[in-house]
Structure formats: structure tokens, C-alpha cells
Amino acid sequence: MSDALLSIDKLTKTYTTGSALLASGKTMIRAVDAVSFTIANGETLGLVGESGCGKSTLGRCVTRLLDVSSGSITLAGTDITRQRGAALRETRAGLQMIFQDPYASLNPRRRVRDIVAEPLIVHHRGTRRDIRDNVAALIQAVGLRSEHLDRFPHEFSGGQRQRVGIARALALSPKLIVADEPVSALDVSVQAQIINLLTDLKRERGIAFLFIAHDLGVVRQIADRVAVMYLGNIIELGATEQILAAPAHPYTEALISAVPVADPARAAHKTRIVLAGDPPSPANPPRGCPFHPRCGYATDICKTTKPALEVLNDGRFTACHHPRQG
Amino acid sequence: MSNLLDVTDLAVSFRTRSGLIRAVDGVSFSIAEREILGIVGESGSGKSLTVLAILDLINDPNVVIAGSIRFKGTELIGQKPGVLRRLRGGAIAMIFQDPMTALTPVFTIGAQIAEQIRIHTELSRHAARSRAVDLLDAVGLPDPARAAARYPQELSGGQRQRAVIAMALSCNPALLLADEPTTALDVTVQAQILELIRKLRDDFNSAVILITHNLGVVAETADRVAVMYSGRIVESASTTALFADPHHPYTWGLLGSMPALDGIRRPRLATIQGLPPALNRRPPGCAFSPRCAFVRPACINARPPLTGTEHQVACIIPAPERATARTQALAA
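Note that the protein sequences, when read in sequence, are chains A and B.
Numbering-wise (this note's numbering), the first sequence opens with residue 1 and increments by one.
Numbering-wise (this note's numbering), the second sequence opens with residue 1001 and increments by one.
What the hints contain is simulated information worked out from the structure, not anything from laboratory work.
Treat the hints with caution; some may be incorrect.
If you anchor each label on the Cβ, the simulated ranges turn out as follows [as the list claims (entries may be wrong)]:
id: 1; chain 1: B; residue 1: P1284; chain 2: A; residue 2: P293; range: 52 to 62 angstroms
id: 2; chain 1: B; residue 1: I1316; chain 2: A; residue 2: A40; range: 43 to 53 angstroms
id: 3; chain 1: B; residue 1: F1107; chain 2: A; residue 2: R132; range: 53 to 63 angstroms
id: 4; chain 1: A; residue 1: R132; chain 2: B; residue 2: G1274; range: 21 to 31 angstroms
id: 5; chain 1: B; residue 1: R1017; chain 2: A; residue 2: R145; range: 26 to 36 angstroms
id: 6; chain 1: A; residue 1: S51; chain 2: B; residue 2: R1034; range: 32 to 42 angstroms
id: 7; chain 1: A; residue 1: H154; chain 2: B; residue 2: T1104; range: 41 to 51 angstroms
id: 8; chain 1: B; residue 1: D1143; chain 2: A; residue 2: V274; range: 14 to 24 angstroms
id: 9; chain 1: B; residue 1: G1274; chain 2: A; residue 2: A40; range: 30 to 40 angstroms
id: 10; chain 1: A; residue 1: A40; chain 2: B; residue 2: N1059; range: 49 to 59 angstroms
id: 11; chain 1: B; residue 1: G1274; chain 2: A; residue 2: I121; range: 46 to 56 angstroms
id: 12; chain 1: B; residue 1: G1157; chain 2: A; residue 2: Y103; range: 54 to 64 angstroms
Every residue gets a Cβ at the ideal spot worked out from N, C-alpha and C, and that includes glycine.
Required output: the full structure, derived from the provided sequences and hints.
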């Protein structure tokens, strides 16, 4: 697709664990297994899944914080998969990241002013005065006040710290921000403030987001499209409302039904699918469909043949032999 | 009706250099036998301290606990350490957010559960061990005999939480205190654990106090809900009544902040302006008043009492005006 801002093609990330001395003791873990998707300019793609499904690893590969094992990452027409040095630095100006833990991702010894200015200094964006004005504007844009500029991270609450992290990510006017669980460490009322801030930034600045989260409600609030991951694979991809209202993959269906509803009247009528067991280890994935041991609809073909991610009649993609929709 | 637990005017304070800080500021509630009470609140609301105070588990030399906690008629505050020790893990058991808080990595799961059984009962080593396996089976661990022989770190997070619940159930507790038991778990595993907690009441006749920040978890699990803000209960009602007709503006704010999975997707979430007050700078009147859209002069000076019988609320907005205010809050 030519109009895609970000295009991921068969991205794979493997890790080797176990003894380095004995080749026989080594296990290969496919944390991300030949994943492909695109993100258009200004679009927000929500990436959901449970712990260990590979969603954070995928986010870190996209921002090149991790090297990929195979496959390609194309940003605005440029292949950035193996970029290094000055070229990679230039790429990163347009490709920023927001982290989950606002306590760990800000340097405790630096003032907010310096934290937000750092990317501008590294990338030589303007004179000292330009940078100072720019930082003041950024801090306002994320809902903080100018008196906050001279404070240290520990003087802020979690939500305010996350705002500082967002200001830093915005400093270089990126086209794409990878946000890895940006609100999951926050209380629900603060979480709502940050989601609203991100929604505003997305609209006003036309920034595209890869929004990684495990909370489907949060993803629904912010994402245009959703990709669901299970054991390193995207198993369903489509428009947010389409997927959440009528999931096609049995795992998506179970994931949605497991979310507790804050409404006892509706909770009483909802059909709950309680999955048995835990997700299998990526070190030892099942043969065939990775979800088949926990799936209520699995048949013989699911045990032997891994389903490919294919488009359904309603335009969404799913990797299932027995899709529930479309 | 006689209550299993009656907490009256509980205050948990800490001595600091700048004076006494009241983290839990006059909390009263009761729980009947076989009842599941959900306590909801955000970080710092005092919900965990309230429950830790019941078993005198706040490990801080500067803590001061006042008020009354009566369990089956016996006062627990100021009780002898030996009496509390027999209660802990016996008639009152507790599970935590992180199951590793309650497990040691150097003994097997089965040995740890059997140890607790032998402390509280006269069972032989062998009988305690087989009861441990039965309990692991009851909480739904696959292959319980093998699980009993494993070390905690060999189990997944959900399995560990099941093992801790099995340990908590080992002496048929009348009351189970569960502090954010599913917060660290994935949503599909959370659904399994919540189903297990609901089942406890039927199989073990346990009452449960479930502490959580997640309104959805409460809605699906609890019979009654208490909402805490800044160390106080601001609203308490049956789960059905609380969600059908929430009375307190803070509860409205919490419900509005939650992104829903169905219904209309609002372009922006409702938010509560500002942050909860620091505990040493709690305003003299209603603690929520600085953030409340419906604040009146009377809210500033005097602390609103928790009034009502079935549906209690600590808010002075008169009932007839509440519906109008709620409509405004929903529109905002």
C-alpha cells in the first residue's frame, strides 16, 4: 500500500534461551511470528493481547529499540529495518515512543524543562531561545503549567509524569508514536484524562499511533482499527467497532466476554466464555492453530494446520478455520 | 440479623514529623455471613489499609489504629497477639495482589498449604498433605497432586493465585479478605479467579471482602459495594442499587471515567478534574468538594455524614436535586 505511513511485513523476532554451551539445550522462542500490518497517516491502530503475546516486543521492534530477526519495517516509504547511525537517528525524530511506567522512563535527576528539551537539542532543532519557547508550548499542550518546568519527576503524580513523557514524545513533531500501555499504571479517573489528551493530540496534530494495551475499553475509546495478538501472531484485525461488537476469532470472543462489565443488569445476561487454562508458552507452541487447545470450536484441522490471516467478506482479517462472523 | 464483622469509626493514622496523618478517616461498615462486599477506590483511598487493619497487619511502628472492629462479637483492636495469630489464616484469611507475597520460593506449594493446616488443626502430616491436594483440586488447578509437588515459581500467575486461594481456604475461613486479587492477572485469567471467588461462598460458606479499583470486577462479583475516597466511605449500597442509581458525584465521576466496551462511543471520556487531596491537607468539609462540579458553600466547612439505611451516601445534595445533577453530570 502506497498511502501507508507504516508498513510491517512478516516481522519476526526470535529469542534463544537456555544453555549457550550446549546446542541441544537451546530453545528458540518466536516472540513475534511473521506479523504484517499497516498504519495510515493519522490512524490509530490498537494492538491488544494478554501478557506474553508479543505485543510489547512488536512495539519495540517497530521503534527499532530491538533488532528484528526477519521481515521488514517501512516508514513513510523508507525501509528502516536495518538502519543504523545517522539515518536511524533521523528516522527516530519522526517515530517516538511513550512508555507504560512514567516512574521508570523519566530521568529522576533532570528537571522537566531538560527532559522535554533533550530531543530538540539532540536533533539541533533551533536556537536555545527557540527550544525554550518550544518546550513551554509543549508543556502547555499536554495540560501542565509553566511553573512545572523547573520541577523534578518525583514531584509529580503518575498522571502528570505521563504528561511529561507525552510532551517529550511530541517534541520532534513525530508522524507516528508507539504507545506501550500508556495508561495501564494509572487510576481510572487519571486514565480518562490521559486518554482524552491523546485523543485531542491525535485529532489536532494528525499523529498516527500504534497503541498497545490490554484493556479493550481503552482501545475502543482511542483506536480506529484493532489488531488482536495471541502467542506472537495477529489472529484478528479490523475496524474497532466491527471487532468489538462481533468478533470473528474465538479468542477475541473470549477476550471480550472476559472483560467485567460495570453494570450488574447487563452482566447478568451476558454470555461469559471462561477459557480453560493459561496461554501456552511461546517456547513450546502447540501445533496447528496456536489457540486450539483452549478453543471451544476446534476441530481436527485446527490441530494440524495453522490458519493464515485471511480477509473475510466484511473486510476484516482473521486467522481461523471456523470464524464466527463475516 | 447478626453480622459477621462490624467495623465502626475505624481510623488508621500515622505519626509523622508534621503530625498525625489520618489515612483511614472514620470508616464504618458491616458484613453478614456469606456476603461478598466490594470496596472500590483509587490509589491512596485507604481501601487496603482498612482491610489490613482488620488483622493488624500494618507493619509500621508509627501506625495508630482507633475505632472498633468486632468479628463474631469479639473486639479485634487491641487484642492479644496470640488471639490475632490464631485468627489469621484460620477464621479470617487474606489473599494479596501478588501471590508471591504469601508464598516462599523454597518450599513446594503442597508443603506450604500443609504447614498452614497443621498450625490451625490437629491433622497429621499425611492427612494435611492430602487435604492440601484436595484444596488444590477444589480451586481448579489441573493435576493437583503434581501441582502440590511444585515450587511457586514453576506455576503461572493465575495458577499461583489459585494456590494462594487454596491456602486461604485450608481452614474454612468465615471471612476471606482479598486485596486486588486479580489486578496482576490477564483478563481471561481474571474471569477464572472471579468465578472461583463467587463459588467460595457456596462451597466454603465464606464471606468475602473484595478490594479493587475496577468497577467491573465489583459489579460482577459483589453483593454490596462501598466506594472510598480519601480515607472515607462516600457511598455504600447493594451492587444493583449502586450501579443503577449512583448517588455520590465521585461515583458518577468514576463511572464516567471508565471506557465502555459497548453502547455509544463518546468522543471524550468524562473526567474528574484535579487530583485527590494529600492526606495531610484534606479539606475540613467534604474531601471531594475541591473537585466536585456540584459543590455548595455548605460542603466546604462541615464533613457530610454517611446517611441512609440501605443506600448510604455522604453528600448533602438533597435527594430531589440529585437526579437533575446526575443528568448534568452525564451530559458534561
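To see whether the hints hold, each was checked on the structure:
no.	hint	in the structure
1	B:P1284 - A:P293: 52 to 62 angstroms	59 angstroms, holds
2	B:I1316 - A:A40: 43 to 53 angstroms	51 angstroms, holds
3	B:F1107 - A:R132: 53 to 63 angstroms	59 angstroms, holds
4	A:R132 - B:G1274: 21 to 31 angstroms	28 angstroms, holds
5	B:R1017 - A:R145: 26 to 36 angstroms	29 angstroms, holds
6	A:S51 - B:R1034: 32 to 42 angstroms	34 angstroms, holds
7	A:H154 - B:T1104: 41 to 51 angstroms	33 angstroms, violated
8	B:D1143 - A:V274: 14 to 24 angstroms	19 angstroms, holds
9	B:G1274 - A:A40: 30 to 40 angstroms	37 angstroms, holds
10	A:A40 - B:N1059: 49 to 59 angstroms	54 angstroms, holds
11	B:G1274 - A:I121: 46 to 56 angstroms	33 angstroms, violated
12	B:G1157 - A:Y103: 54 to 64 angstroms	22 angstroms, violated
Going down the numbered hints, you'll see the structure goes against 7, 11, 12, while the others check out.
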